[in-house]
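2 protein chains.
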Amino acid sequence: MTAIDVQTDPARYRHWRIEFDGDVAYLVMDVDPKGGLSDQYELKLNSYDLSVDIELSDAIQRLRFEHPEVRAVVIKSGKDNVFCAGANIRMLGKATHGHKVNFCKFTNETRLAIEDATEYSGQFYLCAINGNAAGGGYELALATEHIMLVDDRRSAVTLPETPLLAVLPGTGGLTRVTDKRKVRRDRADVFCSIEEGIRGAKAVEWRLVDELVPNSKWAEKVSTRAHEFARRSDRPQDAAGITLTPLERRIENDRLSYSHVDVVIDRSRALASITLHGPTQPIPKSVAAAHALGATFWPLAVARELEDAILHLRFNEPKIGVLLLRTEGDAQAVLDYDNFLLQANGDWLMREIRHYLKRVLKRIDVTAKSLIALIEPGSCFAGTLAELIFAADRSVMLIGAREGDNRPPAAIVLGRANFGPYPMGNGLTRLATRFIGEPEAIGRAEQKIGAPVEAKEAAELGLVTLTFESFDWDDELRIMLEERASFSPDALTAMEANLRFAGPETMETKIFGRLSAWQNWIFQRPNAIGEQGALKLYGSGIQPTFDKDRV
Amino acid sequence: MTAIDVQTDPARYRHWRIEFDGDVAYLVMDVDPKGGLSDQYELKLNSYDLSVDIELSDAIQRLRFEHPEVRAVVIKSGKDNVFCAGANIRMLGKATHGHKVNFCKFTNETRLAIEDATEYSGQFYLCAINGNAAGGGYELALATEHIMLVDDRRSAVTLPETPLLAVLPGTGGLTRVTDKRKVRRDRADVFCSIEEGIRGAKAVEWRLVDELVPNSKWAEKVSTRAHEFARRSDRPQDAAGITLTPLERRIENDRLSYSHVDVVIDRSRALASITLHGPTQPIPKSVAAAHALGATFWPLAVARELEDAILHLRFNEPKIGVLLLRTEGDAQAVLDYDNFLLQANGDWLMREIRHYLKRVLKRIDVTAKSLIALIEPGSCFAGTLAELIFAADRSVMLIGAREGDNRPPAAIVLGRANFGPYPMGNGLTRLATRFIGEPEAIGRAEQKIGAPVEAKEAAELGLVTLTFESFDWDDELRIMLEERASFSPDALTAMEANLRFAGPETMETKIFGRLSAWQNWIFQRPNAIGEQGALKLYGSGIQPTFDKDRV
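Top to bottom, those sequences are chains P and Y. The numbering of the first sequence is this note's numbering, which starts it at 8 and goes up by one. The numbering of the second sequence is this note's numbering, which starts it at 8 and goes up by one.
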């Protein structure tokens, strides 16, 4: 199988168009049936596979960065009589378990990106449903703030997975039905049992959609509503977007190289080492100068490259179980860039970059690989980059210097970036999650902002897991990594998913922690994926045979 | 396989002893290796199967009802050098998926019952760990308020499941580590990776235990601490307990009969009909008179019988997918008993009964069967019994009367019991969960307290899902039940688990909703249960072979 690549651009889209109307953009879904990742299935009726979601994710991102003038985004269908049939069933039937899980994770991240744009970017998403919105198609609508349904006696919203496919509705859909749209639970039960879905006034009464529009006024009303939403936006007037230029990237067999990120894969030990390089240029002289740098501005460049690397490892390197997180460079330079970003927070582009860094760090939080941060001399775990330590399952720090190395001992430098701008999915900062049992430790850490913290003090402050002297380092690390590699990958995935998110739950953590786990369970059950299972037999005309035991 | 019966009493215990010392009770775990549910395994080293947990559950319950003088309970081991080795691995290796899941659910309920007793019953639980507490053994300790560990250089706490068994630690253990004891997440990661566990001062520093006690002072210190905790209790002086006498129960092939509960199984339709009968005696003249009734006092009797019926159906009737919830009797009589209970809330026994009803209703909430409440003429869905409507996935109410039936039309009568005393695991009442999207509906319902609400009004108030006239009733119900029976049981289990708990998450909902789902997933994975999986090969001397793909 060819590697999955999440990099694309509108000129290469096969499934989406972006149309502009002043401060409103239309994201038009018009899936090319033959444009999927594999030729084993056709993407009929606007059904989707990962290739469709990769383009959607790219479009959402470009609208934020390249189009400051866009203040409302309408998702609609480019096909007559169908909005979107959801995830392609033949694709799901043929995919490996790992691909299904990764696909669902990425689509959830994409839907959360829609909600993030609405909440933080002043780009309000609406959905205009003309035709049927089924399963993942309705889930796409659920991610928007305002769902409009045409009243044509045919168009409906539906979550037909339970009756049709023996899997869970959508992959985050149920959580949005109960916790975002707050549909009454017995109505949700009925809704999820009806193949043909719910349409018309009942869809409004049940809170499944926000507005019903007569066919005759459809286009006009959608446009009016979108422009109304656009007026609420705080996006700037007359700003110019920046272009998300193609990544500087070289992919080799065991190495990925970017301008600020390097990934080296060690297959024999089932691990990858990701090194982030700190900025080599001083901060721009002004916010305008930062704009002029565009996609080469260090914080944006490193965010894009790190995101690409993480997604590459998720999709294409299932056998790599451990990611070693490293940094190299000047800690003060990282803090300088952090401060530049935070001080220019009123600027729309700096705000976008900060929220983008937040989303990339969240992708790391939900990556099903063991994360170990290595803090050594020459590293620059400062501010934003120090978040990698707190995203990691463990962190290991070298005490003092290595023989023959003249660099000062490794140090962590905390910054304001560690105390607010990058909340996890649970709504807490990584430090607040880490210190949930000893909130006073957050205050102690905060007092160290800007001061290099070496190993002994870092351990005392609870910032790192383990510290080793240089003569122990290699052996201890080798043993730790061998041990990790010897454990069951499944037990590790579940254990890490549970340990990473202490404290409060949000819709987001429910989607990743609870609903995904149930879907993963179902994706293993013979009733779904067995030879007689509903996913396997879908479309064959043969009824699935279920083991009727309730578990 | 013989049916699993959760009824027992101390005279029949094979695994536990209860020892009394004034206001302190010791729950002594001394598992009989040959006393398990099956002779395919031996329960060595205080490892447990369901038979051990059934006795523990019974003991916790009896301490609350039969021993008002007990104010602190110490869980300890009756064996030298081992506290508890956790769930028996050979049992897990041989059990069906369904049994494993039901076993884990019941043990979680039992551990929550320990926490409930501490919080609401004034019986504070402590754990005295002398020897190793591993896996589920440590999880038992985690359920108590105060964990004491002997400092003998050998005794340790440990969650060795990831390294040893390729499954998740405990089944609620991880959640209690992060969310109850609030152990730092990277320390939790290290702790869960170390087979031999953590002992001594480090166990205290890492918040894994509360207190380390020298061997020489062990028994004395445990006793002192327990009596200290006992002094915090608000349990009464000089009260007499009541005896939880054996249930009046007749089990036939397709029928379970109790004094106030009847269960009729219809195997051809894969459903069971549970009918609760309202009280036939007027309320007692006084609280003392209610005490004198003991286990025959209607609210207590119906709670015990309903709990037994639900657990019987869970453990012994996996093919029964739908439970029809019905009531028969006088609604006012139910409300009278409710009011009696609530007015006498200062009385320890009435308080116990109320909390017990709460726990039984919670067992229904997490039962993996579709719940459909049928509200017909002659029913008494009032107050406490009306909670069944709101626990159900759907409720169906008959409009008007049936031909030839002189009884008045079906009515729901709300009471104070529906607005506070029975919170779900998410901390909200069932009505508040139901109306999470329209909180004003709770106020509307509250205004109807005491007034019979017939079908049309019940639908308007949002209290029921569907209403049918008598001439449609049979057909509509038949179609609904046939439809439900045609769906994949797995999809239904997961869908219901997700729809039942909208809104806030608690440690309890995390345990059932999130952690259990991950464990269920792992219990399906070849790395755990395949022929080369860790659970299958445990104790054989052969190393498991893992598929190393990260999912």
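If you are wondering where the hints come from, they were derived from the structure by calculation, not from laboratory data. In this text the structure is predicted, and so the values were computed from the model without any measurement. Where is the CB? At the ideal position from N, CA and C, for every residue including glycine. Just so you know, not all the hints are guaranteed correct.
Partial pick of chain Y residues on the chain P-facing surface, computed with a CB cut under 8 angstroms [stated by the list, open to error]:
no., residue
1, I258
2, P325
3, K376
4, R557
**Message:** Of all the hints numbered above, which does this structure not satisfy? Sort the numbers upward.
**Reply:** As far as the earlier hints go, only 1 is violated by this structure.
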